[in-house]
Amino acid sequence: MAAISKSFGATRALNGVSLELRAGEALALIGENGAGKSTLMNVLSGALAPDEGEMELEGRWYAPSGPHAARLAGVAMIYQELNLAPDLSVEENIMLGQESSYWGVLDRAEQRRRAGAALERLGHGNLRLEMPVSRLSVGMQQLVEIARALASEAKVVIFDEPTSSLARADVERLFDTIGRLRQEGLGVIYISHFLEEIRRVCDSYIVLRDGEAVDRGTLKGTSEAQIVSFMVGRTIAELYPRVPHTPGETVLSIAGLSGASKPRDASFELRRGEILGLAGLVGAGRTELVRSIYALDAVRSGRVRVGTIYPSATPKSRIRAGLAYVSEDRKSEGLAQARSIADNVTYSRLSPYSRGGWLNLKRRGQAVAGWMRALEIKSDTPEAAVESLSGGNQQKVALARVLHQGAEILLLDEPTRGIDVGTKAIIYRMMGELAAAGKAILFVSSYFQELLQVCDRIGVMSRGRLREIRPAVEWTEESLLSRAIETTE
Amino acid sequence: MMKARGTKVWALLASRFGPGLALLLVFCFFAVADAIQPNGGTFLTARNLQAMLISSAPVVMAALGATVVIIAGGIDLSAGTAMSLCATVLAWVLLKGGSIELALVCCLLTGCLAGAANGIMISALDVAPFIVTLGTMTAYLGFAKLVADETTVRPPLESVPQWLNGLAMPSPKPAWLLVAPGVWIMLLMALVLSAVLRYTVFGRHVFALGSNEKTARLCGLNVPALKVAIYTVAGLFIGVAGVYEFAKLKVGNPISGIGLELKAIAAVVIGGASLNGGRGTVLGTLAGALLMQTILSGCTQLGLSNPIQDIILGIMIIAAVTVDQIRQRRMA
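Sequence lines, in order, name chains D and A. Just so you know, the first sequence maps onto residues 21 to 509 in my numbering. Just so you know, the second sequence maps onto residues 65 to 396 in my numbering.
So here's chain D without its partners, still in its complex pose:
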């Protein structure tokens, strides 16, 4: 039995974390975003060099100079976003970077044999080697990556959120594949947010928080509540501060809204002082629904009514009607990363500071500084570029824009994704305060727990359809999930 032990001690991202993985073991790496999971795995897979600490692989000193060296030594990482060349074939992708050749001339027969053998070991020997991977489903593409790891004689395979973009059937196949890897004596490290999933795949776990290992053990006999409290570092009541609010009259009604492919025939009403949650799996059509309400995506049929008016189908007129949208993707859509905080906060409403098209930058700076204080945005000056801020502070800038806009209806798409727990608590409190002030909030999230804690009502989407809306108290995580994975048309 080959035992692997590693310990690192980087200054901030990781603080003296050590872990041990046995052959055939599956270890779950658990933690909030920013807890140091990726840093730890990047060190292990050679993408980063540790400042302190040492690693050992099969009893030998292990210090990879880069990802390629790590892969040669037997550590392979399967990233959330797959690293495949879409136009190359299955065989070429499996053998990429480890081609069999004589003096640079490819040995096709040997290539095919090794690629085929790797697929065979995963139980997919029938996959056609000539097929370009772009024609495969995401699940099968992932399989090709795993086969690549096997072909390189990997001893440890790291999975980073592997199910986040998979369909249900592909998830089952992945679990089956991981089982095979373990039977072959490979060590598996599995990173995921989903505790249920972790219970199915892994036997032991380690919880990271703020770069330190705060808890570890075997999953059998450990309660979910214990893991969550270690993960979050605070109790549920601290994380979800309650601000009392009561729903009033309807401000937004959606009738039979259909987009290019999603959403399909969605109808609902949103009231003042109400937080309506939208639950569902990735790809269920929640983002598309919100984008069609905001007129960022084209609509095939259906109506959007705000108060008593039907605003025309441009974001500009939707803003004028009182809508505001926080994008799920603050990097490539939500924020102009290279521009300043002040610019990003005021882009959607420069009118208070302009006279005849000319801006009063001083007045604008003061106003933005006020928002920065209110939302606890940590930066010396409103003129700092948004890209210099942490994820949590960037998200606060996106929210500050919505508030500065003075919107009555807030469409928040995954507003807590990828930010630290402290900021999450601030955002939950802010949502409560906004609702208490009579604003209407549509809250899209993949994280059922926060929906259950924060929302007044929750609707579930799957396959582009809005399935059912019920008061939050009538839902549980299990009932949300069972509606979210519904596949009927």
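Everything labelled a hint here was simulated from the structure, so no lab data went into it. Among these hints, one or two may not hold up.
[Stated by the list, open to error] Ranges between beta-carbon positions, derived for each pair:
| id | chain 1 | residue 1 | chain 2 | residue 2 | range |
| --- | --- | --- | --- | --- | --- |
| 1 | D | S371 | A | R391 | 32 to 42 angstroms |
| 2 | A | I390 | D | W81 | 30 to 40 angstroms |
| 3 | A | R391 | D | R487 | 37 to 47 angstroms |
| 4 | A | Q389 | D | S410 | 40 to 50 angstroms |
| 5 | A | Q389 | D | S371 | 46 to 56 angstroms |
| 6 | A | Y263 | D | S410 | 22 to 32 angstroms |
| 7 | A | N370 | D | M151 | 54 to 64 angstroms |
| 8 | D | A43 | A | Q389 | 38 to 48 angstroms |
| 9 | D | L149 | A | L368 | 43 to 53 angstroms |
| 10 | A | W248 | D | R375 | 49 to 59 angstroms |
| 11 | D | T270 | A | I390 | 53 to 63 angstroms |
[To be verified] With a Cα cut of at most 20 angstroms, we get these calculated EDC-like pairs of lysine to aspartate or glutamate:
| id | chain 1 | residue 1 | chain 2 | residue 2 |
| --- | --- | --- | --- | --- |
| 12 | D | K336 | A | E222 |
| 13 | D | K240 | D | E217 |
| 14 | A | K278 | D | E217 |
| 15 | A | K312 | A | D374 |
| 16 | A | K278 | D | E407 |
| 17 | D | K240 | D | E216 |
| 18 | A | K278 | D | E40 |
| 19 | D | K175 | D | E40 |
| 20 | A | K278 | D | E348 |
| 21 | A | K278 | D | E216 |
| 22 | D | K351 | A | E222 |
Each residue gets a CB set at the ideal place from its N, CA and C atoms; glycine is no exception.
Starting from the known structure of chain D, fit chain A onto it as the hints suggest.
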């Protein structure tokens, strides 16, 4: 902490005045190199400096327009041929007996229309600016040749007023102007554009669009209209460059502007703008254009041949962008 802040200030200074510092260095280099060579000392004369500014003016004017376009994440390859189209239209109106006022209006209008056409096609057809303006570059050359009937348009000398003739004169009248009126116009344009980019809603929107078009859309900006406005503004600058070009040549030559667009883009890029959009300054562009002119002029004074000048200029462009990228990486 103090030290960290100190380096930050230096980095900020370097990024804001980097192109200006480079200009100063290169300028001093040529001034010294020229002074110590036998029968040198002509570089630092009023006459040479005046000539340098005059020949850089069309590039600067076009480059000012290109600055707006490039900050907004676009590119304009048609600037050169559009400029000669403007100058040719001006000459043609004079030739046909039109008044100078009419000719000027037609010239500027041609520039705006040429720019607006670029913007409309980019927005409406949703084709990359590079492709659209690559197409219009050739098309505008064709239009210019049509107007000129495939020759050079020579309006009668008496139809050109004195002030227009003097626009690009090396030694200005009155003498207290120091440099040609055209150069003053160019500096005034730079000043106004700089203020517009910083202190107007339009300016902020230009940066927003270039930095992230999706964000601009999300914030309710009318992106297609904004693009048309941006290319139209660039067209206006090209129109002014056309007036100046005519004042310099006294004829409408439909091919005189070929290659100007690349010089304009080079000036903007040397000035620290990013071809990915969202970054760039008027001051940088000004420094970039003058830097290129200084190298050309300085090399001539030193007796270096034309091919050598081109090679040095080419290396200069790559070096400027490389230095800028290293600086960016260090800032991040």
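How the hints compare with the structure:
1. D:S371 with A:R391: 32 to 42 angstroms: Given about 36 angstroms between the Cβ atoms, the range holds.
2. A:I390 with D:W81: 30 to 40 angstroms: 35 angstroms Cβ-Cβ, so the 30 to 40 angstroms window holds.
3. A:R391 with D:R487: 37 to 47 angstroms: Between R391 (chain A) and R487 (chain D), where Cβ atoms are some 53 angstroms apart, the hint is violated.
4. A:Q389 with D:S410: 40 to 50 angstroms: With Cβ atoms ~25 angstroms apart, the hint is violated.
5. A:Q389 with D:S371: 46 to 56 angstroms: Violated: the Cβ-Cβ distance is about 37 angstroms, outside 46 to 56 angstroms.
6. A:Y263 with D:S410: 22 to 32 angstroms: holds (31 angstroms)
7. A:N370 with D:M151: 54 to 64 angstroms: holds (57 angstroms)
8. D:A43 with A:Q389: 38 to 48 angstroms: Distance hint for A43 (chain D), Q389 (chain A) holds at roughly 46 angstroms.
9. D:L149 with A:L368: 43 to 53 angstroms: Violated - the Cβ-Cβ distance for L149 (chain D) and L368 (chain A), about 60 angstroms, lies outside 43 to 53 angstroms.
10. A:W248 with D:R375: 49 to 59 angstroms: 29 angstroms Cβ-Cβ, so the 49 to 59 angstroms window is violated.
11. D:T270 with A:I390: 53 to 63 angstroms: The hinted range 53 to 63 angstroms holds for T270 (chain D) and I390 (chain A), with Cβ atoms some 57 angstroms apart.
12. D:K336 with A:E222: violated (53 angstroms)
13. D:K240 with D:E217: Measuring from Cα to Cα gives roughly 14 angstroms; hence the hint holds.
14. A:K278 with D:E217: Since the Cα atoms of K278 (chain A) and E217 (chain D) sit roughly 35 angstroms apart, the hinted pair is violated (cutoff 20 angstroms).
15. A:K312 with A:D374: Not OK: K312 (chain A) and D374 (chain A) at ~23 angstroms, beyond 20 angstroms, violated.
16. A:K278 with D:E407: At roughly 16 angstroms apart (the allowed maximum being 20 angstroms), E407 (chain D) and K278 (chain A) satisfy the hint.
17. D:K240 with D:E216: Holds, at about 12 angstroms.
18. A:K278 with D:E40: It is violated: about 45 angstroms lies between the C-alpha atoms, which goes past 20 angstroms.
19. D:K175 with D:E40: Since the Cα atoms of K175 (chain D) and E40 (chain D) sit roughly 14 angstroms apart, the hinted pair holds (cutoff 20 angstroms).
20. A:K278 with D:E348: holds (12 angstroms)
21. A:K278 with D:E216: Measuring from Cα to Cα gives roughly 36 angstroms; hence the hint is violated.
22. D:K351 with A:E222: Roughly 61 angstroms separates the two Cα atoms, so the pair is violated.
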